[in-house]
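Protein chains in written order, with the numbering used here: chain A, -9 to 84; chain B, -9 to 84.
You may find that some hints are simply not true.
One copy or two, it doesn't matter: identical chains are merged, so the pair holds either way.
No more than 25 Å apart at the CA atoms, straight line, and that leaves these computed lysine to any residue pairs for SDA-like [to be verified]:
| id | residue 1 | residue 2 |
| --- | --- | --- |
| 1 | 36 | 71 |
| 2 | 34 | -8 |
| 3 | 67 | -9 |
| 4 | 15 | 71 |
| 5 | 67 | 77 |
| 6 | 33 | 77 |
| 7 | 83 | 25 |
| 8 | 33 | 79 |
Because the hints were derived from the structure by calculation, they are not lab data.
Number of protein chains: 2
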Amino acid sequence: MDLNKYQKLIEELYFEKDSKRGLDKTFNWFVEEIGEFSRAIRKKDKKRIREEFADCLAWLLSVGSILGIDAEEAMTKYREGCPKCGSCPCECKE
Amino acid sequence: MDLNKYQKLIEELYFEKDSKRGLDKTFNWFVEEIGEFSRAIRKKDKKRIREEFADCLAWLLSVGSILGIDAEEAMTKYREGCPKCGSCPCECKE
Chain A
-9 MDLNKYQKLI EELYFEKDSK RGLDKTFNWF VEEIGEFSRA IRKKDKKRIR
41 EEFADCLAWL LSVGSILGID AEEAMTKYRE GCPKCGSCPC ECKE
Chain B
-9 MDLNKYQKLI EELYFEKDSK RGLDKTFNWF VEEIGEFSRA IRKKDKKRIR
41 EEFADCLAWL LSVGSILGID AEEAMTKYRE GCPKCGSCPC ECKE
């Protein structure tokens, strides 16, 4: 499914609640999800890892929506190779 | 563009480097990007906010790839309403 359709889906589900809660508080929830994702990785809980990955993605999209970001448009920066070195695969030095 | 196509695009760009670096170190980079995203929000730098949003999404997808997660498959949990209350929009209490 299109990235933008996912963003719209998450908006239908959560935009009203998330925008009422506000940007900073919603960002905190996003960070909380990242913590849960990290814990699932540490515990090597495969089902949980997948669930928490999806939650991180959903909250990131929702934070983006509050900020007025079009996810698809934002991701165009990756469509012409690495935004830093211009190559694909990336040849940047670490 | 499809979410999975974005995941494949990010894999073409970064999977070799990111998987060589390993899961934990790549997760740290992902968290670093979240910090940059947070800073851009604090500074109200619109262009930067969009850039950092995309970077967070790209790194999240790459962490997912290292973990063998299919982003599209993982996101199915949001396709039948809120995974907790089952409603759309979500009616969960905070």
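Verification of the supplied hints:
1. 36 with 71: Between copies only: 23 Å across chains, 31 Å inside a chain, cut-off 25 Å.
2. 34 with -8: Neither, since 29 Å and 28 Å both go past 25 Å.
3. 67 with -9: This pair counts as both: shortest intra-copy Cα distance 20 Å, inter-copy 13 Å.
4. 15 with 71: The answer is between: 22 Å across copies meets 25 Å, while 34 Å in one copy does not.
5. 67 with 77: within (13 Å within a copy, 34 Å between copies)
6. 33 with 77: neither (36 Å within a copy, 30 Å between copies)
7. 83 with 25: between (28 Å within a copy, 21 Å between copies)
8. 33 with 79: neither (31 Å within a copy, 32 Å between copies)
Checked against the numbered hints above, the structure violates hints 2, 6 and 8; every other hint is satisfied.
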